[in-house]
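Chemist: Each chain, letter by letter, is given below.
2 protein chains.
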Amino acid sequence: MVITETQPPMEGDAATSKKAAKKAAKAVEKQQKKAEHKGSTTQNEAAEVDVAEGKYGVLKMIQSSGEHRDRVYVDVKDLGVSLEGKDVWVRARLQYSRAIGRQCFAVLRQTSSTVQLLIRVNEQVSKQMVKFIGNVAKESIVDILATVVKTSSPVESCTVKLVELIGLQVWVVSSAKSKLPLQIEDAARPETDDDPEALKIRVLQETRLDNRVLDLRTPANQAIFRLEAGVCKLFRDILTKKGFVEIHTPKIISAASEGGANVFTVSYFKSSAYLAQSPQLYKQMAIAADFDKVFTVGAVFRAEDSNTHRHLTEFVGLDLEMSFKYHYHEVLDTIGQTFTDMFRGLQDHYAAEIATVGQQFKVEPFKFLDPPLRLEFPQAISMLKEAGVNVGEEDDLSTPDEKLLGRLVRAKYDTDFYMLDKYPLAVRPFYTMPDPNNPKASNSYDMFMRGEEILSGAQRIHDPDFLTERAKHHGIDISKIAAYIESFRLGCPPHAGGGIGMERVVMLYLGLDNIRKTSMFPRDPKRITP
Amino acid sequence: MVITETQPPMEGDAATSKKAAKKAAKAVEKQQKKAEHKGSTTQNEAAEVDVAEGKYGVLKMIQSSGEHRDRVYVDVKDLGVSLEGKDVWVRARLQYSRAIGRQCFAVLRQTSSTVQLLIRVNEQVSKQMVKFIGNVAKESIVDILATVVKTSSPVESCTVKLVELIGLQVWVVSSAKSKLPLQIEDAARPETDDDPEALKIRVLQETRLDNRVLDLRTPANQAIFRLEAGVCKLFRDILTKKGFVEIHTPKIISAASEGGANVFTVSYFKSSAYLAQSPQLYKQMAIAADFDKVFTVGAVFRAEDSNTHRHLTEFVGLDLEMSFKYHYHEVLDTIGQTFTDMFRGLQDHYAAEIATVGQQFKVEPFKFLDPPLRLEFPQAISMLKEAGVNVGEEDDLSTPDEKLLGRLVRAKYDTDFYMLDKYPLAVRPFYTMPDPNNPKASNSYDMFMRGEEILSGAQRIHDPDFLTERAKHHGIDISKIAAYIESFRLGCPPHAGGGIGMERVVMLYLGLDNIRKTSMFPRDPKRITP
Chain A
0 MVITETQPPM
10 EGDAATSKKA
20 AKKAAKAVEK
30 QQKKAEHKGS
40 TTQNEAAEVD
50 VAEGKYGVLK
60 MIQSSGEHRD
70 RVYVDVKDLG
80 VSLEGKDVWV
90 RARLQYSRAI
100 GRQCFAVLRQ
110 TSSTVQLLIR
120 VNEQVSKQMV
130 KFIGNVAKES
140 IVDILATVVK
150 TSSPVESCTV
160 KLVELIGLQV
170 WVVSSAKSKL
180 PLQIEDAARP
190 ETDDDPEALK
200 IRVLQETRLD
210 NRVLDLRTPA
220 NQAIFRLEAG
230 VCKLFRDILT
240 KKGFVEIHTP
250 KIISAASEGG
260 ANVFTVSYFK
270 SSAYLAQSPQ
280 LYKQMAIAAD
290 FDKVFTVGAV
300 FRAEDSNTHR
310 HLTEFVGLDL
320 EMSFKYHYHE
330 VLDTIGQTFT
340 DMFRGLQDHY
350 AAEIATVGQQ
360 FKVEPFKFLD
370 PPLRLEFPQA
380 ISMLKEAGVN
390 VGEEDDLSTP
400 DEKLLGRLVR
410 AKYDTDFYML
420 DKYPLAVRPF
430 YTMPDPNNPK
440 ASNSYDMFMR
450 GEEILSGAQR
460 IHDPDFLTER
470 AKHHGIDISK
480 IAAYIESFRL
490 GCPPHAGGGI
500 GMERVVMLYL
510 GLDNIRKTSM
520 FPRDPKRITP
Chain B
0 MVITETQPPM
10 EGDAATSKKA
20 AKKAAKAVEK
30 QQKKAEHKGS
40 TTQNEAAEVD
50 VAEGKYGVLK
60 MIQSSGEHRD
70 RVYVDVKDLG
80 VSLEGKDVWV
90 RARLQYSRAI
100 GRQCFAVLRQ
110 TSSTVQLLIR
120 VNEQVSKQMV
130 KFIGNVAKES
140 IVDILATVVK
150 TSSPVESCTV
160 KLVELIGLQV
170 WVVSSAKSKL
180 PLQIEDAARP
190 ETDDDPEALK
200 IRVLQETRLD
210 NRVLDLRTPA
220 NQAIFRLEAG
230 VCKLFRDILT
240 KKGFVEIHTP
250 KIISAASEGG
260 ANVFTVSYFK
270 SSAYLAQSPQ
280 LYKQMAIAAD
290 FDKVFTVGAV
300 FRAEDSNTHR
310 HLTEFVGLDL
320 EMSFKYHYHE
330 VLDTIGQTFT
340 DMFRGLQDHY
350 AAEIATVGQQ
360 FKVEPFKFLD
370 PPLRLEFPQA
380 ISMLKEAGVN
390 VGEEDDLSTP
400 DEKLLGRLVR
410 AKYDTDFYML
420 DKYPLAVRPF
430 YTMPDPNNPK
440 ASNSYDMFMR
450 GEEILSGAQR
460 IHDPDFLTER
470 AKHHGIDISK
480 IAAYIESFRL
490 GCPPHAGGGI
500 GMERVVMLYL
510 GLDNIRKTSM
520 FPRDPKRITP
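Protein chains in written order, with numbering that gives the first Met the number 0: chain A, 0 to 529; chain B, 0 to 529.
Isolated chain A, as found in the complex (with noise of 0.2 Å):
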């Protein structure tokens, strides 16, 4: 029995582990058994000499027994022309392997790329080896040696298309279990419909996310979080670049911020607390505290009961807060060149990423203007009612409204974001500053993306008599919010902010359907799991 026999190759212990031996040898009792069953040769192989003997099978457990640094890995996506005819390790899973006869193809996946791998019987390669291989369990992590050749024509099914590797040695370092929950090939298959000869099974948003270690391997989603990660990385390089200061905001806090609806409650020691559902408060104190510009990016917690596809009961805010001088389009123009610098960067840096998101699912490039758009919330009303639309001029918009307001601004404007600045004061928090010029108005904006708001903000109120006076006129109980206005007697500079919901960015930006594909373990009233 070899397999059971093999050393690893690189562990130092001498003796192979009881569980890798019990492993290999369940996996040569399986062939052995399937072999038997279709009155193969087996028995007979199995007497053979294996010339394959010491080059594969079940790696013991990896357990920092030897450094090893000597044996380099080729990652799969640097597999090219460059290196052929040249013998390389390659760690990465095994997506899909099947032996027929003497010989096994094979595809072997790392993050979002792909490389095809041939094992045939020869001289060095034994049919016990093309069996094992043909054997390992799909998504099972494995060590290959292999030789790296060029292909007579492209691999079209794989990512690495101009060469190929035929192996030399194979060792599982991790196996999959071989009922796995979904098949990677069943999550990651394009959702276009313009075949209609084209397989139409998917997995359902449910068992992905019930099963999201396996989900979160699709080259689509291996995208997704990596642009996520782009655009936090971009908001807080941009607004670094601008003079803002990183802060950090308590999660868990006193008093309920807006009012007490929709908010979680923890238990704190003897007493109660709640999860705050935003940093507002905190960055408009590290504004009193002359930070001057701040940001934070953190989670925050709504207690909403809302099953959409765009709500999630936790979600990262990316907040700002800055100062101004005399008027908030100071930090309307910021916020907005913000965005503007995002989109490009993302366009610039994140390329590779929105293509791989694409061959998926159909996406839409995003487009954007430089300086982008601002309209009046005056201007939408006269846009939704010109498409023959019944709104009133100080309500809110609806949902259904916003996104024909975007198509609309996309035919007119040719852009997927926009500014919508001036909303009626009736519709806005008290610490809203209201508009000098007009009543029925306010200094405070949403931004949208593709028809769906992405920011709410405002110029704050600073002034701690006539916020207390706003208050009062929407009937807040004042003893409850005095120490936020106490923080602005302390002298406060005039200013204004917004919160932005990442989840939200990343899926409007790539134009995905629900939120739930850009939280990588998301929250909703119905799933804290996994």
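Keep in mind that the hints were calculated from the coordinates and are not lab data.
Heads up, a few of these hints could be off.
Identical copies carry no separate label here, and so any pair may be met within one copy or between two of them.
With a straight-line Cα cutoff of 30 Å, these simulated BS3-like cross-link-like pairs (lysine-lysine) come out [said to hold, decoys possible]:
1. 324 <-> 85
2. 411 <-> 525
3. 269 <-> 525
4. 240 <-> 76
5. 76 <-> 241
6. 76 <-> 525
7. 479 <-> 232
8. 178 <-> 241
9. 471 <-> 324
10. 366 <-> 137
11. 269 <-> 479
12. 479 <-> 241
13. 479 <-> 176
14. 471 <-> 241
15. 137 <-> 126
16. 324 <-> 149
17. 149 <-> 525
18. 525 <-> 439
19. 471 <-> 361
20. 324 <-> 232
21. 76 <-> 232
22. 411 <-> 149
23. 199 <-> 176
24. 384 <-> 126
25. 149 <-> 471
26. 471 <-> 137
27. 366 <-> 269
28. 199 <-> 160
Got chain A sorted already, so can you dock chain B onto it with the hints?
Modeler: Here is chain B on its own, set in the frame of chain A:
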């Protein structure tokens, strides 16, 4: 009453707001009372023509009525001899003002920078104007038009030493209340006791935290939180450069991550959930999902009733996890180098902030080695034993032992940072990979700054069967961690990582004595406000 008639110099509308008028009237009333009390000639002065009319007063609340982008403001830190003779606008805090006879001395402050302001009665400046500025409450925000002049000798009490400002206009943008809960000069007073004559007035930690908005305005606090932003930036930039992907992990979880002790409970719709004590499980799932190297920066929660100088119930975790090929030292080296690069980055880019903190607190420069020092646990035990401490080979280190060890290491190796590898298996969690060569040791490590632990980490067990075995050995109910174990049945590379307490890193880098100094709005068992 000239002041009540004063026009704001920039806001568009002609009439001073009622509120501003009322305030200004009060200020004047106060002046008059004071004058009457002293038996001065205010009554006559008020009847006089005010040559400074329209050059000072309380500005109407800035409500964005005009953009006024033509007015250029100069930052205090940029005031220097190159601007000599120029008239400049500055918006800053009035840190101090005192009118004596025909002139008023004042200090303007902006973040950590200060400049002297002098206002003298002359053809353009009236006695009334001098009195006005003398009566503006400390910490109010003012707009000043002033001429930059060279000083005959350096102004030692300000950060801008070579020039001062001669005031031409003075406008109050936002008034502070006249009785502040603490004085910035007290909160900023150096904590050195070299000078026996020095004023000993200190502000208590609790008073500071109760009035954090004021406390944060001290130059040291302005510098501490800018350096903290730098720590996060460096952590992310260094790891991004090494190929790490930033991820976001949920804070609301369905099961207590480490057994249920010290975890906060959240009411979640009709059920309940917990606040994550660490992102470890999610980092590991990201590794199993092929993200290869990941980091995350975010809130972590510990329901520990520990009221010490170094414990918070909510802090910012700098977490990372990385797959490796053969030995967890690949990861250990990466983390160590990340710290070295971070320390160097702070030294290079935050020298001004470090110096500012040093003016208030005794800060011994932080020492580190490149490459960083790595010791093994038995070496630490030997050093402690040599120093006369009775410690067991398989016991964890106590906090006092860790501190002593820090001093011993500093004396012997001249470094404030080191890594301690190979902790006893018995003192680490069940998921820690045992050392393959020593049954009593494990592939785990802590890292220390100035003798205090700032990172804990390990190679994690990636084999589901072995993980089950180890969990059973620890007496853990397997059914409760089934999902965790299951995630390794889908194929997972060997991996290791660690979690860093951000506030601890900043506290210890700067040599501060309390973690509440490095958390902007700290949370402990007794404090969840402001």
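Chemist: Now tell me if each hint is right for this structure.
Modeler: Verification of the supplied hints:
1. With identical chains, the CA atoms of residue 324 and residue 85 are at most 30 Å apart between copies only, with a shortest distance of 21 Å across copies and 64 Å within one.
2. For the homomeric pair residue 411 and residue 525, neither the shortest alpha-carbon distance inside one copy (40 Å) nor that between copies (57 Å) is at most 30 Å.
3. In this assembly of identical chains, the alpha carbons of residue 269 and residue 525 lie at most 30 Å apart whether taken from the same copy (28 Å) or from different copies (10 Å).
4. Proximity of residue 240 and residue 76 under a CA criterion of 30 Å is satisfied inter-copy only: 18 Å between copies versus 33 Å inside one chain copy.
5. For the homomeric pair residue 76 and residue 241, the shortest alpha-carbon distance between copies (17 Å) is at most 30 Å, but the shortest distance inside one copy (36 Å) is not.
6. With identical chains, the CA atoms of residue 76 and residue 525 are never at most 30 Å apart, being 39 Å at best within one copy and 53 Å at best between copies.
7. Taking CA atoms no more than 30 Å apart as the test, residue 479 paired with residue 232 passes in neither setting, with 37 Å inside one copy and 36 Å between copies.
8. Neither within a single protomer nor between protomers do residue 178 and residue 241 lie at most 30 Å apart by alpha-carbon distance, with minima of 52 Å and 35 Å respectively.
9. When the C-alpha separation of residue 471 and residue 324 is checked against a cutoff of 30 Å, the pair qualifies only within one copy, where the shortest distance is 28 Å, while the shortest distance between copies is 63 Å.
10. When the C-alpha separation of residue 366 and residue 137 is checked against a cutoff of 30 Å, the pair qualifies neither within a copy, at 40 Å, nor between copies, at 50 Å.
11. In this assembly of identical chains, the alpha carbons of residue 269 and residue 479 lie at most 30 Å apart whether taken from the same copy (21 Å) or from different copies (27 Å).
12. For the identical chains of this complex, residue 479 and residue 241 are neighbours neither inside a copy (36 Å) nor across copies (48 Å), given an alpha-carbon limit of 30 Å.
13. Taking the shortest alpha-carbon separations for residue 479 and residue 176, only the inter-copy value of 21 Å comes in at or below 30 Å, while the best intra-copy value is 56 Å.
14. In the homo-oligomer, the alpha carbons of residue 471 and residue 241 never lie at most 30 Å apart, since the shortest distance is 37 Å inside one protomer and 54 Å across protomers.
15. In this assembly of identical chains, the alpha carbons of residue 137 and residue 126 lie at most 30 Å apart only when taken from the same copy (20 Å versus 87 Å across copies).
16. Proximity of residue 324 to residue 149 under the C-alpha cut-off of 30 Å is restricted to the inter-copy arrangement: shortest distance 27 Å between copies versus 64 Å within a copy.
17. With identical chains, the CA atoms of residue 149 and residue 525 are never at most 30 Å apart, being 51 Å at best within one copy and 68 Å at best between copies.
18. In this assembly of identical chains, the alpha carbons of residue 525 and residue 439 never lie at most 30 Å apart, being 40 Å within a copy and 44 Å across copies at closest.
19. Within a single copy, residue 471 and residue 361 get their C-alpha atoms no closer than 50 Å, and across copies no closer than 48 Å, so neither meets the 30 Å cut-off.
20. Proximity of residue 324 to residue 232 under the C-alpha cut-off of 30 Å is found in both arrangements, the shortest distances being 28 Å within a copy and 28 Å between copies.
21. In the homo-oligomer, the alpha carbons of residue 76 and residue 232 lie at most 30 Å apart both inside one protomer (23 Å) and across protomers (29 Å), since each shortest distance falls under that limit.
22. Neither within a single protomer nor between protomers do residue 411 and residue 149 lie at most 30 Å apart by alpha-carbon distance, with minima of 51 Å and 57 Å respectively.
23. Taking the closest pair of Cα atoms, residue 199 and residue 176 come within 30 Å of each other only inside a single copy of the chain (25 Å); across copies the shortest separation is 69 Å, beyond that limit.
24. For the homomeric pair residue 384 and residue 126, neither the shortest alpha-carbon distance inside one copy (74 Å) nor that between copies (60 Å) is at most 30 Å.
25. Taking identical chains as interchangeable, the C-alpha atoms of residue 149 and residue 471 are never at most 30 Å apart, the minima being 76 Å within one chain and 51 Å between chains.
26. In this assembly of identical chains, the alpha carbons of residue 471 and residue 137 lie at most 30 Å apart only when taken from different copies (29 Å versus 64 Å within one copy).
27. Taking the shortest alpha-carbon separations for residue 366 and residue 269, neither the intra-copy value of 53 Å nor the inter-copy value of 42 Å comes in at or below 30 Å.
28. For the homomeric pair residue 199 and residue 160, the shortest alpha-carbon distance inside one copy (26 Å) is at most 30 Å, but the shortest distance between copies (75 Å) is not.
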